[in-house]
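Start from the sequences, fold in the hints, and give me the full structure.
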Amino acid sequence: MKMTKIYEGSYQWIMFGRDPGKPEKIIDTNQYVVRTANRCLLIDPGGIELFAPMLAAVLHHAPVEEITDLFASHQDPDIISSLGLWDQALPHAKLHAAGLWEGFLRHFGCETIEYVPIADNGGVIQLDRVELRLVPAHYMHSSANFNIYDPEAKILMSGDIGAALEAPGAPVFVENFDAHVEKMRFFHQRWMPSNQAKRAWIDRVRELDIDILAPQHGRMFKGDDVKRFLDWFEALQVGIAV
Amino acid sequence: MSVSQTKSQFVAVASIAAELSAVMDVAKEISLAAANAKAIAFRAGEKAKGFQPITDFINELAKETIELVNDINKHASYLYQLTVDEYRMTEACDKFERVYQTSNNAPYGSSLEQPLHEVRQKMQQCRKSFNVHVTELLDQLGEVMHPARAARVIAANSRIEASQAGEYLQSLQAVAESVDHAAQIIHDKVQRCRSALNVIDLTD
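So the protein sequences, as listed, match chains A and B.
Here the first sequence is numbered in the UniProt record's numbering, starting from 1 and rising by one per residue.
Here the second sequence is numbered in the UniProt record's numbering, starting from 1 and rising by one per residue.
What the hints contain is simulated information worked out from the structure, not anything from laboratory work.
All values derive from a computational prediction rather than experimental measurement.
Be careful, since some hints might not be right.
Said to hold, decoys possible - Okay, the calculated bits of chain A under chain B, using three or more residues with CB under 8 Å as the criterion:
no., stretch
1, 45-54
2, 58-65
3, 82-94
Every residue gets a Cβ at the ideal spot worked out from N, C-alpha and C, and that includes glycine.
If you want it as structure tokens, here you go:
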């Protein structure tokens, strides 16, 4: 599992991905970890088959008792079908996920982890002194969809927004935006259902100061590529399968 | 718990639920047959005097079977839950061990020892509990066999009593046949439940 530190201040953001042991027909995913002094948040910790390599990788940064929070951005199994295993490994942790999703998400097994439902208008996750904002991104893939924004690190973890289907071992950052576009087009057109929701999300996100836009698949965008992505996405017609 | 063991355990417990549901239907049919027989015996009056107490017996047996099956169903549901729990614990144990092996150079690798220990204990607890409940379920299934056997004896008596009932002979014989048939089905279904349970490996 490749580990890339994407922010290093008084706390860290680490990206985990490009797992070489991943079964062939399973989509490659990016997991993110925010590590503060005493706590650790796993953002979209992944599918069930990814649990062992993911936990093994996280143990390089935090002991299990300090892995205190999990976040699930949207309603796909590659986000958190591993929940039942985290539930056994981290009995005192909290899961932050959409309230709307709770009755379904518990099918993965969630008996000891505390479910902290996210309201439709978002909320915050407080990790020690670090405050992470839960930004609504409804219908940007699933009806209850949230991003995480860190105003200090200036990172927006955007779930499936900005995702691209890549070859194994692809670099973690976009290097040539124009060349990258074709890896994103169909995915966004087919998996994002609503132009109206897309406009609302873009308006909301343009107000944020973002250095890195970090999706759950493919490469991250940094610097000017964040604006390039928003402009490209704004012009793209989505929900094309009607 | 190996993969094939897990599969056979899930299948066994699910099959029991299906067989029990069929037993319940048949028991309800017996209850209906008893009510039907009672009405016929009432119409037949003196000619079916010996048949009347038999209908009460049949009704009682049906009730008893329904109650027992309800109890067994609760037990079977609990066994299913235990199977799910044990499956989850086994999977967690397996995955934690993998993490433990692959994270030996991770600075915080040893922090997994406690969760691994706990999940192993929970897995063993599930197995023990499952074994205890399977034994109890087998006993309960044995109990259902008693009313089924009694129903067959009553069906034989019913045939004799029906032969005295003149023009009601055919109707009452039909009741006796249906009770006998239903009892046979219950017997077979319960046997299948027991066979399904016997394929489960109960070693700790």
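Subject >> Claimed coverage, the stretch 58-65 of chain A by chain B - three or more beta carbons nearer than 8 Å >> reply: That given contact holds, which follows from 7 residues of the stretch 58-65 of chain A lying within Cβ reach (below 8 Å) of chain B.
Subject >> Coverage assertion for the stretch 82-94 of chain A with respect to chain B, Cβ distance below 8 Å, three residues required >> reply: holds (count 6)
Subject >> Coverage criterion applied to the stretch 45-54 of chain A (partner chain B; beta-carbon cut 8 Å; 3 residues) >> reply: holds (count 3)
In this structure, none of the earlier numbered hints is contradicted; all agree with it.
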